[in-house]
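Enquirer: Each chain, letter by letter, is given below.
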Amino acid sequence: MVASRSGIMMVLIVAMVAISAIFFVFPEGINAQKEEKTFVTHSGGVVKTTGEILDPLYTSATVEFDPMEFLRDFNYGRVTQLSDGTTVREFTIIANDDEIMEVSPGIFYNVWTFNGTVPGPTIRATEGDIVRVKFINNGEKEHTIHFHGIHPAGMDGVFEPVGGNGGQFVYEFESGPVGVHPYHCHVMPLEEHIVHGLYGVFIVDPKEERPPADEMVMVLNGLDTDFDTENNFYAANTIPFYYQHHPIQINTDELIRVYVVNMVEFDPINNFHLHGNLYKYYPTGTDIVPSFYTDMITLSQTERGIMEFEYEYPGKYLFHAHKVEFSEKGWVGIFMVHENKNAVESEGYGT
Amino acid sequence: MELSNKSSKVKMIASGIIPFAFLVIMIAYIFGPGSDLLDLGIPLPEITMEKVDFVDSEIQVTVRNTGPMPVEVAMADINDRIQPAAVEPDRYLDRYETALVRIPFEWNEAEPYIIGITVEDGTRFEKEIEAAAPALEPTLELAVFFAIIGTYVGIIPVMIGLLWLPFIKKIKKSKYHFFLALTAGLLLFLGIDSIEEAIQVSDESLADSFNGTLLIATITILSFLGLHYTGEKLIKKSETSRLTKPVAIALMIAIGIGLHNFGEGLAIGAAVGLGSIAFSTFLIVGFALHNTTEGIAIASPMSREKTVIWKLAAMGMIAGAPAIFGAWVGGFVYSPFSSVIFLSIGAGAIFQVIMTILKWIRVEGDKNLSSAAVVSGFAIGMLIMYATSILV
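So the protein sequences, as listed, match chains A and B.
The numbering of the first sequence is this note's numbering, which starts it at 2 and goes up by one.
The numbering of the second sequence is this note's numbering, which starts it at 482 and goes up by one.
Just chain A, same shape as in the assembly (with noise of 0.2 Å):
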């Protein structure tokens, strides 16, 4: 009787460790159908799935950041005038290190910025202004602002760490050299700090304009977000694929300037391809002749130029790094180029 009894009870413990091994051993278990999506993938097969499309491609992306209003903003600051005329532009800029962004549909991470932004603000001077930015940390960690070009030790933000939880520090210098120059962070450990997205960039316009264009900024950046010091991602303007899922809209026969600086770390080259055209290429922006014509240029670490050209036909063109695993990873963005309707008509008007 007893025998039976721890029998029956042996049977049952086999049973219950073998119902519960089940969900281990058939984990796709039985799910109720639910509605089928349609997605195109890059070579264009179509796949048929009822669950959730993983695409930082072709889904419209919920980026906080917006890359399309970075791409053309320039900020000349609060303009004033010395009494012997020379202009004054004052910025601020505020750093912050506690801020979650989604970085790429789905994908959140913790980006230190100034401003609240990766990069930064994009900054412009003319030449011989008074520069007068006023910094403030809202960090936890001590930051500071470096910016390339030429000024007073003081002033280099390499030696004067300012404070977190509202620190404060005023860069003053006299803007130059005439180009296109990044502005970083310079806290140890630099590489962190950098990565991390405290960068921006500064132009110095020279007294003498430039030709009028269409003018942008792209930033060619990458972002680790394991932390194991390689990147995950890279992209013009901080989010993968971005352009390519939104076309920058330039029109036939424009000039077009486009302001490159490679704040890329981990890697030590990047580079900038362009389909369908060739531009003519100002490294550092301190010339103001061109020293190539290409369509392809490579960057190490905050190298930058300025690049210029114009397409003559209209439709799709790409431009990518043509170091295609960054290309692969985000940086990758399409030209949409329209019929210029103003230049169409000055051409009727001229027969």
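Rather than coming from a laboratory, the hints here were simulated on the basis of the structure.
Just to be clear, a hint being listed does not mean it is correct.
According to the in silico footprint, chain B covers these stretches of chain A (three or more CB under 8 Å from chain B) [as the list claims (entries may be wrong)]:
#, stretch
1, 50 to 57
2, 101 to 107
3, 328 to 334
Straight-line distance between alpha carbons at most 16 Å, and here's what the computed EDC-like set of lysine to aspartate or glutamate pairs gives [unchecked claim]:
#, chain 1, residue 1, chain 2, residue 2
4, A, Lys49, B, Glu607
5, A, Lys317, A, Asp254
6, A, Lys49, B, Glu539
In silico negatives: residues of chain A with every beta carbon more than 12 Å from chain B [said to hold, decoys possible]:
#, residue
7, Leu224
8, Phe234
9, Pro241
10, Lys281
No residue lacks a Cβ here, since even glycine has one placed at the ideal position from N, Cα and C.
With the hints as your guide, set chain B onto chain A.
Expert: Just chain B now, kept in the frame of chain A:
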């Protein structure tokens, strides 16, 4: 009288419940809401890619959330290049929940691939596949192929091993003990081998949170206890029924070996399924050689019995045929978790068989298991298995 009986019963129940109540209060205090006693650092997300299937123009990955908190699957990549993908049923995974990530990709056969999955905090997990091979589809042809392989690996070698029976029958008691001990040695090796295999699978494909080694230990011991209980029942029954004691023991050995061979079949099926052709061929040859010794293990106790051919054949089938089922399971519905479980059950079964044999030797006369025949038999059994295992 009745009253005091009742109150003593109440007392007994209370004395059982009170410590339990205290236990509940203590756990509530430690883990309950608002408790900051246990703040052991930052939980990190963790997912495990348990299975990768290469199907037509698509790579399918079964991922399981094996971390302490829920995760969202955010992105898939192949060889560190981002690819659009679909995740079914959805991207949100609770603890231990699984999802199927389907990545459209024109993969090439026999090439290595690294599959990456990134979760919402940007952490990327990867799994390396040594050579892409098309996922096996359960066709009749393939099922037949696995059945043939299973027959070659399981049934035929065991049957060949059984052919030693007439030889073992003719020898003296001490030599008979030698063969029984030899069997135990062979089996001990097989048991250790199963556990090693299980640990390997758990290290490669099972998340840490499953506590692979402890899982293996638990399942092995449970299967040992379960079979021990049933085995003793069977032997006890043999005293009153037509089933004789040696046959009962041989039957237990056959069942134990059968469970082990299921694990071997599983390994072969999985190797074919995962595209390791060279490895699977190796396994087939190695296991086939190996398994002839299993026939000796069954033959040894049977030799003290008037042997009937059909009984022997049945034993051979019980021991060998599970290799076929193992190959089917391994090839068609492989999961690392089921592999670990089956291999552990096999190990437990084998240890139980060893115990049965040792008991049998003691009943037969060698009370201390210390005769030269037993010790040398055990040692040689281990050595033979080691020698044949080099082939696997």
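Enquirer: Just checking, A:Phe234 versus chain B, shortest CB gap more than 12 Å?
Expert: Contrary to the label, A:Phe234 does not stay out of reach of chain B, its closest Cβ about 8 Å off (not over 12 Å).
Enquirer: Just want to verify: A:Leu224 was marked as not at the interface with chain B; is every Cβ pair farther apart than 12 Å?
Expert: Check fails; 8 Å does not lie beyond 12 Å.
Enquirer: For the stretch 328 to 334 of chain A, count the residues whose Cβ lies under 8 Å from any Cβ of chain B; is that count three or more?
Expert: holds (count 3)
Enquirer: Would you mind confirming whether the straight-line C-alpha gap from A:Lys49 to B:Glu607 stays at or under 16 Å?
Expert: Violated - the C-alpha atoms of B:Glu607 and A:Lys49 are around 25 Å apart, more than 16 Å.
Enquirer: Report holds or violated for chain B covering the stretch 101 to 107 of chain A, Cβ cut-off 8 Å, minimum 3 residues.
Expert: holds (count 4)
Enquirer: Taking 12 Å as the cut and beta carbons as the points, is A:Lys281 off the interface with chain B?
Expert: Per Cβ check, A:Lys281 is outside 12 Å of chain B; nearest 32 Å; holds.
Enquirer: Measure nothing beyond the straight line between the CA atoms of A:Lys49 and B:Glu539; if it is 16 Å or shorter, mark the hint as holding.
Expert: holds (12 Å)
Enquirer: Does the claim that A:Pro241 lies outside the interface with chain B hold up, using a Cβ gap greater than 12 Å?
Expert: It is violated; A:Pro241 is separated from chain B by about 7 Å at its closest Cβ, not greater than 12 Å.
Enquirer: Mind checking the alpha carbons of A:Lys317 and A:Asp254 for me, to see if they're no more than 16 Å apart?
Expert: holds (15 Å)
Enquirer: Does the stretch 50 to 57 of chain A contain three or more residues whose Cβ lies closer than 8 Å to a Cβ of chain B?
Expert: Contact hint for the stretch 50 to 57 of chain A vs chain B: holds, 8 residues under 8 Å.
Hint compliance for this structure: hints 4, 7, 8, 9 are broken, all remaining hints hold.
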